[in-house]
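Number 813 in the numbering used here belongs to position 139 of the sequence shown; there are no gaps in the numbering.
Quick caveat, the hints were computed from the structure, so don't treat them as lab data. By construction, the Cβ of each residue, glycine as well, lies at the ideal position given by its N, Cα and C atoms. A couple of the hints might just be wrong.
What the hints assert, rightly or not - Across the chosen pairs, the derived CB separations fall in these ranges:
id, residue 1, residue 2, range
1, Asn773, Gly823, 18 to 24 Å
2, Glu833, Leu733, 29 to 35 Å
3, Ala756, Lys851, 26 to 32 Å
4, Asp677, Glu752, 20 to 26 Å
5, Leu877, Gln735, 25 to 31 Å
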Amino acid sequence: MSDASLVVQRPTTQASQLVLLFHGFGSTPSNMAGVGRQIAAIDAKAFVVSVAAPYRSDLGQGLQWISVTGLTEGNRPERVAAALPLFVETIRRWQSDANVPPEATTLIGFSQGAIMALESAAGGGSAIAARVIAVSGRFARLPELMASGVTVHLVHGDEDTVMVPAHSIEALAHLAKAGVPTSIDVVPGLGHGIDGRVLGHILNRVPAPARLP
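Model the full assembly from the supplied sequences, consistent with the hints where possible.
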């Protein structure tokens, strides 16, 4: 296991909010650190962490929450479910470190990180985070229940062939039907990645200090 998480900003006084960023498969915390720095620039009191996935990638580069070797639609939910307890434990550990409650916590995930963030909000009960921003992600399986008090924002490139945008569009309809506050930005001409437009959408959804509960 690896714990190479990158603390982008740790306020010297009580944090206004906790923002946790989760990178994609085969990447490292440095890949999401730029997003974290932009968030830190708009809220000097935000506790911002780019979280390391715990395992070395089985393709030899970067890190992972779940293996993609032999991954299918059939076994994806099982693999994600097996990784979820450690993912939730990681969120709770950073909440404890920052002394910030779920109501002031935002999860931002890209690709596999987005899958894990979305799944952490599924299953009913109280939300572990008030906001999930999922970029180029999907649910392992569309949930029957979602945690109470969570808001979901989906961002997806319309030319993404790694994680097709249909997953986010389907999730939007499913969550909206269930009464979960959900929104989406589909980015024209973008594949599987984060560009300036995606960054803008993320920054628009991270609460400014005045909007925090």
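Hint check results:
Checking the proposed 18 to 24 Å range against Asn773 and Gly823 shows it holds: the Cβ atoms sit about 19 Å from each other. Between Glu833 and Leu733 the Cβ separation comes to about 23 Å, which falls outside the hinted range of 29 to 35 Å. Between Ala756 and Lys851 the C-beta distance comes to about 28 Å, which sits within the given range of 26 to 32 Å. The hinted range of 20 to 26 Å is satisfied by Asp677 and Glu752, whose Cβ atoms lie roughly 25 Å apart.
A C-beta distance of roughly 29 Å is found between Leu877 and Gln735, which places it inside the suggested range of 25 to 31 Å.
Checked against the numbered hints given earlier, the structure breaks only hint 2 and satisfies all the rest.
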